[in-house]
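A.B. asks: So you can see what is in the structure, the chains are spelled out below.
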Amino acid sequence: DTEVTQTPKHLVMGMTNKKSLKCEQHMGHRAMYWYKQKAKKPPELMFVYSYEKLSINESVPSRFSPECPNSSLLNLHLHALQPEDSALYLCASSLGRWTLNTGELFFGEGSRLTVL
Amino acid sequence: GDSVTQMEGPVTLSEEAFLTINCTYTATGYPSLFWYVQYPGEGLQLLLKATKADDKGSNKGFEATYRKETTSFHLEKGSVQVSDSAVYFCALSGGANSKLTFGKGITLSVRP
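As you go down the protein sequences, you meet chains Z and W in turn.
Going by the numbering used here, the first sequence runs without a break in its numbering and finishes at 957.
Going by the numbering used here, the second sequence runs without a break in its numbering and finishes at 268.
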């Protein structure tokens with residue numbers, strides 16, 4: 842069983858809706874990540890939190906808003922999305938940010954988002 | 157910048173066949189190398205890793221050796237099973253302040 846839990850597993854939303862994706866880990870990891878994955882493509886990095894502070898934003902549109910309420914939780918708030926934002930959104934965690942570990946990430950199973 | 161190149165797919169094999177998936181990389185310094193696997197409908201899982209030249213990573217019958225002279229990290233398995241059907245991503249972490257860089261991934265299908 843994965844130790845990174847993501848909810849919901851599936852989400853359908855209209856372009857005017859506001860929704861959130863949630864991610865939780867209890868491994869004591871201090872870095873958490875959001876990735877976006879389109880079908881048959883590798884994951885694309887969106888955001889990195891290190892010690893609950895946003896350390897990397899890969900020029901993601903502002904309609905995606907990350908939040909890290911504490912070291913175990915990571916949210917991704919969604920607003921005014923476009924159909925092309927439909928994808929699998931993966932959360933991951935690691936002991937420390939890349940500088941502090943060998944790059945081993947633990948992924949959740951993802952939230953499959955469909956924007957109508 | 158850092159990059160990872162994987163062989164083109166998809167790959168279809170019969171059960172018990174030998175598997176090789178090629179991966180080469182470009183990086184400055186001494187990266188760590190990884191194979192991640194994504195089973196249908198799931199997130200990615202670390203399959204194996206190697207952190208320095210000549211290291212061999214192994215897990216679940218899969219192996220890969222970090223070859224600095226050829227900048228390669230090919231994945232091999234002696235006898236594949238239907239349950240190995242998945243997408244396989246080669247990746248590298250280039251060290252300080254370096255992100256995890258993924259290859260394009262390759263889909264493996266194993267027939268009974």
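No lab work stands behind these hints: they were computed from the structure.
All C-beta atoms in this analysis are idealised placements derived from N, C-alpha and C, irrespective of residue type, glycine included.
Among the hints, a few may not be true.
[To be verified] Now the stretches of chain Z that chain W is said to cover, found in silico as 3 or more residues with beta-carbon under 8 Å: (1) 874-884; (2) 946-957.
[Stated by the list, open to error] In the DSS-like style, the derived pairs of lysine-lysine whose C-alpha atoms are separated by at most 27 Å in a straight line are: (3) W:Lys255 x Z:Lys881; (4) Z:Lys877 x Z:Lys863; (5) W:Lys260 x Z:Lys850; (6) W:Lys216 x Z:Lys894; (7) W:Lys255 x Z:Lys877; (8) Z:Lys894 x Z:Lys881; (9) W:Lys255 x Z:Lys882; (10) Z:Lys894 x Z:Lys863; (11) Z:Lys863 x Z:Lys850; (12) Z:Lys860 x W:Lys233; (13) Z:Lys879 x W:Lys224; (14) Z:Lys877 x W:Lys224; (15) Z:Lys879 x W:Lys260; (16) W:Lys255 x Z:Lys863; (17) W:Lys216 x Z:Lys882; (18) Z:Lys879 x W:Lys212; (19) W:Lys233 x Z:Lys894.
A.B. asks: A separate judgement is required for each hint: does it hold in the structure or not?
C.D. replies: Evaluated hints:
no. : hint                : result
1   : 874-884             : holds (count 4)
2   : 946-957             : holds (count 6)
3   : W:Lys255 x Z:Lys881 : holds, 21 Å
4   : Z:Lys877 x Z:Lys863 : holds, 14 Å
5   : W:Lys260 x Z:Lys850 : holds, 24 Å
6   : W:Lys216 x Z:Lys894 : violated, 36 Å
7   : W:Lys255 x Z:Lys877 : holds, 15 Å
8   : Z:Lys894 x Z:Lys881 : violated, 31 Å
9   : W:Lys255 x Z:Lys882 : holds, 17 Å
10  : Z:Lys894 x Z:Lys863 : holds, 17 Å
11  : Z:Lys863 x Z:Lys850 : holds, 10 Å
12  : Z:Lys860 x W:Lys233 : violated, 43 Å
13  : Z:Lys879 x W:Lys224 : violated, 31 Å
14  : Z:Lys877 x W:Lys224 : violated, 31 Å
15  : Z:Lys879 x W:Lys260 : holds, 11 Å
16  : W:Lys255 x Z:Lys863 : holds, 23 Å
17  : W:Lys216 x Z:Lys882 : holds, 24 Å
18  : Z:Lys879 x W:Lys212 : violated, 31 Å
19  : W:Lys233 x Z:Lys894 : violated, 41 Å
In summary, the numbered hints that this structure violates are 6, 8, 12, 13, 14, 18, 19.
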